[in-house]
Amino acid sequence: DAGITQSPRHKVTETGTPVTLRCHQTENHRYMYWYRQDPGHGLRLIHYSYGVKDTDKGEVSDGYSVSRSKTEDFLLTLESATSSQTSVYFCAISLRTGTNEKLFFGSGTQLSVL
Amino acid sequence: DQQVKQNSPSLSVQEGRISILNCDYTNSMFDYFLWYKKYPAEGPTFLISISSIKDKNEDGRFTVFLNKSAKHLSLHIVPSQPGDSAVYFCAAEGAGGTSYGKLTFGQGTILTVHP
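As you go down the protein sequences, you meet chains R and F in turn. Under the working numbering, the residue at position 33 of the first sequence is numbered 33, and the numbers go up by one with no gaps. Under the working numbering, the residue at position 67 of the second sequence is numbered 67, and the numbers go up by one with no gaps.
If you're looking for bench data, these hints aren't it; they were derived computationally from the structure. C-beta: ideal position from N, C-alpha, C; glycine also. Be aware that one or more of the hints could be misleading.
[What the hints assert, rightly or not] Result set (DSS-like, lysine-lysine): computed pairs, CA atoms no more than 30 angstroms apart in a straight line:
#1 F/37 with F/54
#2 R/102 with F/5
#3 F/102 with R/11
#4 R/57 with R/70
#5 F/102 with R/102
#6 F/102 with R/57
#7 F/71 with R/57
#8 R/11 with F/71
#9 F/71 with R/53
#10 F/5 with R/57
#11 R/70 with F/5
#12 F/71 with R/102
#13 F/54 with F/5
#14 R/57 with F/37
#15 F/71 with F/5
#16 F/56 with R/102
#17 R/102 with F/68
[Claimed, not checked] The calculated label-pair distances, taken between Cβ atoms and stated as ranges, are:
#18 F/1 with R/110: 24 to 30 angstroms
#19 R/27 with F/83: 23 to 29 angstroms
#20 R/83 with F/1: 22 to 28 angstroms
#21 R/5 with F/10: 28 to 34 angstroms
#22 R/14 with F/51: 31 to 37 angstroms
#23 F/114 with R/14: 41 to 47 angstroms
#24 R/26 with F/95: 41 to 47 angstroms
#25 F/78 with R/100: 41 to 47 angstroms
#26 R/70 with F/52: 21 to 27 angstroms
#27 R/56 with F/41: 43 to 49 angstroms
#28 F/10 with R/83: 23 to 29 angstroms
#29 F/83 with R/110: 22 to 28 angstroms
#30 R/69 with F/81: 24 to 30 angstroms
Based on the provided sequences and hints, a complete structural model is requested.
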């Protein structure tokens, strides 16, 4: 599992409330990513980080912000949750060996916005 | 606009037979392709990858074929086993360091292998 822990595993919240999801890794990986998975869309990139305080937007970043103040933690925040943000959220780290690269994913957070 | 498409939502195969999962892409800038397998309530796990400079890559029972001219890749599983039953995602990455780890995924294909 590349030492990735996502918390919480499940969360139910109400529309308009702020929500923060946490991704913690124990192996000092530099590159971290947040994806969401929705039926009919596969996984889509929300935000990514190439190091501490180095973050950028992905394909579906509207309504989300991220922070990375320490190498091991990458936080995803929904400032004001909407029903369209009901999804499964996956954190990932990237490992490259030679010319090969792989993303390793956490177990996911199931978020329901009512 | 779906740049990576898996047009078969599901596939059912008998144990011991070949499973062939297909994936098409539209962006000619993609130069690295991966397949992931996903079980319920778990994160996707890496299966196999292929660079655009190759047309085939094998790893045990899994082989990925890439046809660049047709912008098509396929995953072959031989022989299929019941434990292979899962959702399979293909994914693509563009060239260059700015694309590192930024994958574009297909919608997924549910593979069911019957004993």
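Do the hints match the structure? See the list:
Pair hint residue 37 of chain F plus residue 54 of chain F holds up; C-alpha atoms about 22 angstroms apart against a cutoff of 30 angstroms. Only pairs whose Cα atoms come within 30 angstroms are accepted, and residue 102 of chain R paired with residue 5 of chain F is accepted, the gap being roughly 20 angstroms. Restraint check for residue 102 of chain F and residue 11 of chain R: the C-alpha separation of about 26 angstroms stays at or below 30 angstroms, so the hint holds. Proposed proximity of residue 57 of chain R and residue 70 of chain R is supported: the alpha carbons are some 19 angstroms apart, at most 30 angstroms.
With a C-alpha separation of about 11 angstroms, the suggested pair residue 102 of chain F and residue 102 of chain R falls inside the 30 angstroms cut-off, and the hint holds. Proximity of residue 102 of chain F to residue 57 of chain R is assessed by CA-CA distance (about 10 angstroms); at most 30 angstroms being required, the pair is judged to hold. The straight-line distance between the Cα atoms of residue 71 of chain F and residue 57 of chain R is roughly 27 angstroms, inside the 30 angstroms bound, and the hint therefore holds. About 39 angstroms separates the Cα atoms of residue 11 of chain R and residue 71 of chain F, which puts this hinted pair outside 30 angstroms; it is violated.
Simply put, residue 71 of chain F and residue 53 of chain R have alpha-carbon atoms about 37 angstroms apart, too far for the 30 angstroms limit, and the pair is violated. As the CA atoms of residue 5 of chain F and residue 57 of chain R are separated by approximately 23 angstroms, the hinted pair is consistent with the 30 angstroms bound. Of the pairs offered as hints, the one joining residue 70 of chain R and residue 5 of chain F is violated, with about 36 angstroms between alpha carbons and a cut-off of 30 angstroms exceeded. Using a Cα cut-off of 30 angstroms, the hinted pair residue 71 of chain F and residue 102 of chain R holds, with the two alpha carbons roughly 21 angstroms apart.
Between the alpha carbons of residue 54 of chain F and residue 5 of chain F the distance comes to roughly 21 angstroms, so the proposed pair stays at or under 30 angstroms and holds. About 26 angstroms separates the Cα atoms of residue 57 of chain R and residue 37 of chain F, which keeps this hinted pair within 30 angstroms; it holds. For a cut-off of 30 angstroms, the pair hint linking residue 71 of chain F to residue 5 of chain F stands: about 11 angstroms separates their Cα positions. For the suggested pair residue 56 of chain F and residue 102 of chain R, the alpha carbons sit about 18 angstroms apart, so the restraint of at most 30 angstroms is met.
Taken as a hint, the residue 102 of chain R and residue 68 of chain F pair is honoured in the structure, with Cα atoms around 21 angstroms apart against an allowance of 30 angstroms. Restraint check, residue 1 of chain F to residue 110 of chain R: a C-beta distance of roughly 28 angstroms satisfies the suggested window 24 to 30 angstroms. For residue 27 of chain R and residue 83 of chain F, the Cβ-Cβ distance of about 28 angstroms falls inside the hinted range of 23 to 29 angstroms, so the restraint holds. The hint said 22 to 28 angstroms for the Cβ distance between residue 83 of chain R and residue 1 of chain F, and at roughly 24 angstroms that hint holds.
Between residue 5 of chain R and residue 10 of chain F the beta carbons are some 32 angstroms apart, a value that agrees with the proposed interval 28 to 34 angstroms. Distance hint for residue 14 of chain R and residue 51 of chain F: a CB-CB separation of about 46 angstroms, inconsistent with the stated range 31 to 37 angstroms. Look at residue 114 of chain F against residue 14 of chain R: about 43 angstroms separates their beta carbons, and that is inside 41 to 47 angstroms. The hint said 41 to 47 angstroms for the Cβ distance between residue 26 of chain R and residue 95 of chain F, and at roughly 31 angstroms that hint is violated.
For the hinted restraint 41 to 47 angstroms between residue 78 of chain F and residue 100 of chain R, the CB-CB distance of approximately 23 angstroms leaves it violated. Distance hint for residue 70 of chain R and residue 52 of chain F: a CB-CB separation of about 36 angstroms, inconsistent with the stated range 21 to 27 angstroms. At about 30 angstroms, the CB distance of residue 56 of chain R to residue 41 of chain F disagrees with the hint of 43 to 49 angstroms. A hinted range of 23 to 29 angstroms holds for the C-beta pair residue 10 of chain F and residue 83 of chain R, which are about 27 angstroms apart.
The given range of 22 to 28 angstroms is respected by residue 83 of chain F and residue 110 of chain R, whose C-beta atoms sit roughly 24 angstroms from each other. Restraint check, residue 69 of chain R to residue 81 of chain F: a C-beta distance of roughly 44 angstroms breaks the suggested window 24 to 30 angstroms.
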